[in-house]
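All chains should be built: construct the whole structure from the sequences, respecting the hints.
The opening position of the sequence shown corresponds to residue 1 in our numbering, with each subsequent residue numbered one higher.
Hint data in this document are derived by calculation from the structure and do not stem from the laboratory.
Note that this is a predicted model, so its numbers are computed, not measured.
Watch out, some of these pointers could steer you wrong.
[Said to hold, decoys possible] Beta-carbon label-pair distances, calculated as ranges: (1) 109 - 24: 27 to 33 Å; (2) 86 - 27: 28 to 34 Å; (3) 101 - 41: 21 to 27 Å; (4) 25 - 108: 29 to 35 Å; (5) 21 - 83: 36 to 42 Å; (6) 93 - 63: 14 to 20 Å; (7) 108 - 21: 37 to 43 Å; (8) 29 - 77: 22 to 28 Å; (9) 54 - 23: 18 to 24 Å; (10) 92 - 46: 20 to 26 Å; (11) 22 - 63: 35 to 41 Å.
[Stated by the list, open to error] In silico SDA-like links for lysine to any residue, alpha-carbon gap of 20 Å or less: (12) 94 - 50; (13) 104 - 60; (14) 94 - 40; (15) 76 - 94; (16) 76 - 63; (17) 94 - 52; (18) 94 - 51; (19) 97 - 78; (20) 104 - 74; (21) 94 - 49; (22) 104 - 63.
Ideal placement from N, C-alpha and C gives every residue a C-beta, glycine not left out.
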Amino acid sequence: MPRSGRLSRRIRWRGTSLKAQTGISAEILDAVRHHHEYLDGSGYPDALSAESITDIVRMLTIADIFAALIEHRHYKPTMPRPEAYGILSGMQGKLEKALVIAFKEVALTR
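Given below as C-alpha cells:
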C-alpha cells in the first residue's frame, strides 16, 4: 500500500480516538471509523461485511464515494455527476442497492 494510504488510515483512526473524548455519540464515531467498509467485506479498517455495517455507515459510504468523485482534487479533475452516479451503480455487492437508487435524485439534481 502506498505511504499516503497508510497515513490516511492512521489519521482517520486517530481522529476517531480524539473525538471519543469529546462526548460525540457512539453512532457518529462508528460512522467516522467505518465509512470505507463495503458490504462484501473488502473495505477497511475492520473488513466489516453486510449485517455488521450500520445504516448510517451505508449511507455515509455512498455520499463519501460520490463526493470524492465529483469534487476537484489536486490529483484529478472533477467528474460529471451522471458519470459518478454510474460508478456508484456499478459497485454491485459493495453498496446497498436500494440506498444507491434512493441517492440518484440527490446525485443528479444539483
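Hints, verified against the model:
1. The hint said 27 to 33 Å for the Cβ distance between residue 109 and residue 24, and at roughly 31 Å that hint holds.
2. About 31 Å separates the C-beta atoms of residue 86 and residue 27, a value consistent with the hinted range of 28 to 34 Å.
3. Distance hint for residue 101 and residue 41: a CB-CB separation of about 22 Å, consistent with the stated range 21 to 27 Å.
4. At roughly 31 Å, the beta carbons of residue 25 and residue 108 sit within the given window of 29 to 35 Å.
5. Between residue 21 and residue 83 the CB atoms are about 41 Å apart, so this pair conforms to the stated range of 36 to 42 Å.
6. Between residue 93 and residue 63 the CB atoms are about 19 Å apart, so this pair conforms to the stated range of 14 to 20 Å.
7. Taken as a hint, the range 37 to 43 Å holds for the pair residue 108 and residue 21, whose Cβ atoms sit roughly 40 Å apart.
8. About 33 Å separates the C-beta atoms of residue 29 and residue 77, a value inconsistent with the hinted range of 22 to 28 Å.
9. Take residue 54 and residue 23: their Cβ atoms lie about 20 Å apart, and the range 18 to 24 Å holds.
10. At about 22 Å, the beta-carbon gap between residue 92 and residue 46 stays in the expected band of 20 to 26 Å.
11. Remark: the range hint 35 to 41 Å for residue 22 to residue 63 is contradicted by a beta-carbon distance near 23 Å.
12. Pair hint residue 94 plus residue 50 holds up; C-alpha atoms about 9 Å apart against a cutoff of 20 Å.
13. Between residue 104 and residue 60, the direct Cα distance comes to roughly 14 Å. Compliance with the 20 Å bound is thereby established for this hinted pair.
14. Distance restraint check for residue 94 and residue 40: the Cα-Cα separation of roughly 5 Å lies within the 20 Å cut-off, and the hinted pair is therefore satisfied.
15. Between residue 76 and residue 94 the CA atoms are separated by roughly 23 Å; this puts the pair beyond 20 Å, and the hint is violated.
16. For the hint linking residue 76 to residue 63, the alpha-carbon distance of about 18 Å falls within 20 Å, and the restraint holds.
17. Using a Cα cut-off of 20 Å, the hinted pair residue 94 and residue 52 holds, with the two alpha carbons roughly 13 Å apart.
18. Between residue 94 and residue 51 the CA atoms are separated by roughly 13 Å; this keeps the pair inside 20 Å, and the hint holds.
19. Restraint check: the Cα-Cα separation between residue 97 and residue 78 comes to about 24 Å, which exceeds 20 Å; the hinted pair is violated.
20. With a C-alpha separation of about 26 Å, the suggested pair residue 104 and residue 74 falls outside the 20 Å cut-off, and the hint is violated.
21. As the CA atoms of residue 94 and residue 49 are separated by approximately 9 Å, the hinted pair is consistent with the 20 Å bound.
22. For the suggested pair residue 104 and residue 63, the alpha carbons sit about 11 Å apart, so the restraint of at most 20 Å is met.
Comparing the model with each numbered hint stated earlier shows that hints 8, 11, 15, 19, 20 do not hold.
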